[in-house]
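Participant: Residues per chain, in single letters:
2 protein chains.
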Amino acid sequence: MGEFELIERFFKTPAQTQAKAQLTTIALGIGDDCALIQPAPGTQIAISSDMLVEGRHFFADVDPNALGHKALAVNLSDLAAMGAEPLGFTLALALPPERARDEAWLAAFSGGLLALANAHHCPLIGGDTTAGPLNLCITVFGQLPVGQALRRDGAHAGDDIWVSGTLGDARLALGVLRGEWMLPPDVMAAARQRLERPTPRLALGVALRGMASACADVSDGLAGDLGHILKASSVGAEIEASMGAHLTAAGAFPSLAGGRFHSETLLQLALTGGDDYELVFTAPAAARRAVQSAAERATTPVTRVGRIVEQPGLRLIEANGQPTPLEARAFDHFD
Amino acid sequence: MGEFELIERFFKTPAQTQAKAQLTTIALGIGDDCALIQPAPGTQIAISSDMLVEGRHFFADVDPNALGHKALAVNLSDLAAMGAEPLGFTLALALPPERARDEAWLAAFSGGLLALANAHHCPLIGGDTTAGPLNLCITVFGQLPVGQALRRDGAHAGDDIWVSGTLGDARLALGVLRGEWMLPPDVMAAARQRLERPTPRLALGVALRGMASACADVSDGLAGDLGHILKASSVGAEIEASMGAHLTAAGAFPSLAGGRFHSETLLQLALTGGDDYELVFTAPAAARRAVQSAAERATTPVTRVGRIVEQPGLRLIEANGQPTPLEARAFDHFD
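Same order as they appear, the protein sequences are chains A and B. Under our numbering, residue 347 is the last one in the first sequence; the count climbs by one each step, no gaps. Under our numbering, residue 347 is the last one in the second sequence; the count climbs by one each step, no gaps.
Just some of the chain A residues that point at chain B, by a computed CB distance under 10 angstroms:
no., residue
1, T55
2, D90
3, T142
Covered stretches of chain A, as calculated for chain B (at least 3 residues, CB under 8 angstroms):
no., segment
4, 65 to 76
5, 145 to 154
Derived from the structure by calculation, the hints contain no laboratory data. This one's a predicted model, so the numbers in the text were calculated from it and none came from an experiment. For glycine and all other residues, C-beta sits at the position ideal for the given N, C-alpha and C.
Just need the whole structure built from these sequences, with the hints factored in.
Facilitator: Right under this line is the structure:
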């Protein structure tokens, strides 16, 4: 199967996505040397690229439908973290010969990819296919009003720190797949869904425009990604250590109680697990009610987990009220 | 070396590129979830992605400086073919562990990449680095006035067909590296330069705005890429078979005379060799003088090689004036 036949058969954007996409903005899609985007007046284009490599970002036997979903989801998550609405994406795909011949695999992969693209009116507008070790590189384009981007450098002392959804569950599922630990089946089913089918928080990102002082998506764990905000904003942060059990979805399962996954371990998963694709953001304490109603409009749960302080560094506030630098905590090491 | 250190040390855009880049357009570069581009009013963004895989697009022992140059050049060539001016690019890079530790290799690669970026005021604005089999995915962004893109679908019967520079030389060099044939050293030195350091024809693309009726870049050989124009424009073409020796740079070397690389073989190299990154374009016969002076302004040689006709298909016009369908010609097969 040649490159053109492969694109025509498996990666053609469904008519319904074409129809709903911002066609005044996508001036020219697949089939020329370049795609053309014409942004609406007063808007900026947000751009992000992520590359997924077999054996590193996914297992060779991963469900290809889930892989297609995740490859686009992790990119859309970067748009969400900027407060941008999706416009379209390019896909560069290196396929080993046996994958290029595997029509069931290709159909499932493109099915997962295009279903998410369709759900967000985000057509495939260009790209490249080649032979090589399996590698997916997606570059995604979004649009937002000039000056309203949710950057990382706007957090101020006194701001609240919020996270969307739940954190740490993807890492919990990964540990099972790696043979590091076992989980009750109901917990694993929920956690695996979080690992394989993350939900980009696009509606929340848009709802937070003009309200969040800083925002990032959580791909490396809360500590790391909040750390990027702290560094860019030249501030520090305090997180409530008691949040652990509340930050993971797993913490709510009765079947998990009494085992190794107590509050302390769940906190560690939330802080350092990664692969969550939730948003961590800051907002003035005066905007607490506005943040809650923005989250309701976006039908996305949010949790207040701490606050921004002047003193650089990230500290955990223990039950006794004492702050402990994150590095000083004796977590189990599972990375 | 972590991802951030690697970017900071090897891929930081030189201050001179930052200064000359369209900074009103690049609103935010590396260091947030997305880069932000804010196009000038009345302009469109042209976007193209190319993925280069070790062993397929380049040899493992290729000069890394040349590799950096070529990875960006093949993408800039797509902008040239659209008539767009470069704005910036993202780089997603999968590196095997031994490459990620090889500072000489990284410095040479980023040196070649950023030298070309600098020459075209085209800063690196984002991307991704990860571990994996060596794979480079560049997405490039350009700008052009609305409605002035050089598309593939505008060729009309009676239009002249032009090509820039020379064709077939990259394939000539590849044959030597693959052990398929030998070349005199002076011819090989010139041909290898064409293979490893192609020149994106950006100035020519801009100069052809409003003049060329269709344009594409020659990456798969003249027959294939002109074929894309013919298909998109629903027309056919006739190429002068006598052009062979004049289309390659190699044809001008006296040291090549009398061997296997006669006019017929050189024609085949030009038609099917590929990896040239020249422009093939069409323009009304009445614009011949205007095309020549546009080429002079762009200091890029152009050659008129044939004409667009109504009858679909690509035919060669023999010395006796007879047209022969390309498929009917008994070329040696070297692919």
